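Enquirer: In my numbering, the protein residues as written are 1 to 165.
Worth flagging that the hints you see were computed from the coordinates, not collected in a lab.
Ranges between beta-carbon positions, derived for each pair:
no.	residue 1	residue 2	range
1	7	134	16 to 26 Å
2	147	11	15 to 25 Å
3	138	113	13 to 23 Å
4	130	77	14 to 24 Å
5	159	20	15 to 25 Å
6	135	113	15 to 25 Å
Cut-off 30 Å, straight-line C-alpha distance, at most; resulting in silico cross-link-like pairs (DSSO-like, lysine-lysine):
no.	residue 1	residue 2
7	52	139
8	55	89
9	139	36
10	146	47
11	124	47
12	124	93
13	93	52
14	12	139
15	124	52
16	101	52
17	89	146
18	55	101
19	36	15
20	36	101
21	12	146
22	93	12
23	15	139
24	93	15
25	36	124
26	93	146
27	55	146
28	89	47
29	12	47
30	15	47
31	139	93
Note that this is a predicted model, so its numbers are computed, not measured. Backbone N, C-alpha and C define an ideal beta-carbon position, used for all residues, glycine too.
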Amino acid sequence: MNNLQFDFRVDKSTKTVFIDREFNAELSLVWDAFTKQEILDQWWAPKPYVSKTIKMDFREGGRRFYAMVSSDGVEIGWHIQDYTSISPKTNFKFLSVFADKDENPFLPGSNWDLNFSGQNGTTKVNITIYNDSLERMEKMIEMGFKEGFTATLNELEALLSNSNK
Numbered sequence: 001m002n003n004l005q006f007d008f009r010v011d012k013s014t015k016t017v018f019i020d021r022e023f024n025a026e027l028s029l030v031w032d033a034f035t036k037q038e039i040l041d042q043w044w045a046p047k048p049y050v051s052k053t054i055k056m057d058f059r060e061g062g063r064r065f066y067a068m069v070s071s072d073g074v075e076i077g078w079h080i081q082d083y084t085s086i087s088p089k090t091n092f093k094f095l096s097v098f099a100d101k102d103e104n105p106f107l108p109g110s111n112w113d114l115n116f117s118g119q120n121g122t123t124k125v126n127i128t129i130y131n132d133s134l135e136r137m138e139k140m141i142e143m144g145f146k147e148g149f150t151a152t153l154n155e156l157e158a159l160l161s162n163s164n165k
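The task is simple: from the sequences and hints, build the whole structure.
Expert: What follows is the structure, encoded as structure tokens:
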């Protein structure tokens, strides 16, 4: 059993979710897992779902548009990530919103702020998710966001473990 940090906190007073997670992998590998389409699609969904990127342009002002796909191949939900700030290998931010299949956003969304730091082969990712509305955040939590995103991060840990072999 590893002693990698994992912490998930919800602060309703600030409409914010805080996630801290360590990975037993080099910073550049973890950064790539969050920023490259071909790697993201291998882990950015809790099983049995998979993530299918329709288009991705990882740059400030760019966008990732993707679908969650069920095990029988049905696209069950679309999401937009509009990249607002990128500091290579240390931080990136995006606005996350649900959307329809034609890329029309369903506002309000949430602002994600991801910080990366590495030391001695371990990388720590601090994720802050600020929601535009308390109602949206509570709905996310009710829909199982904590369980789903925890499972998703576990998928990434397994993928990174296989990459280190």
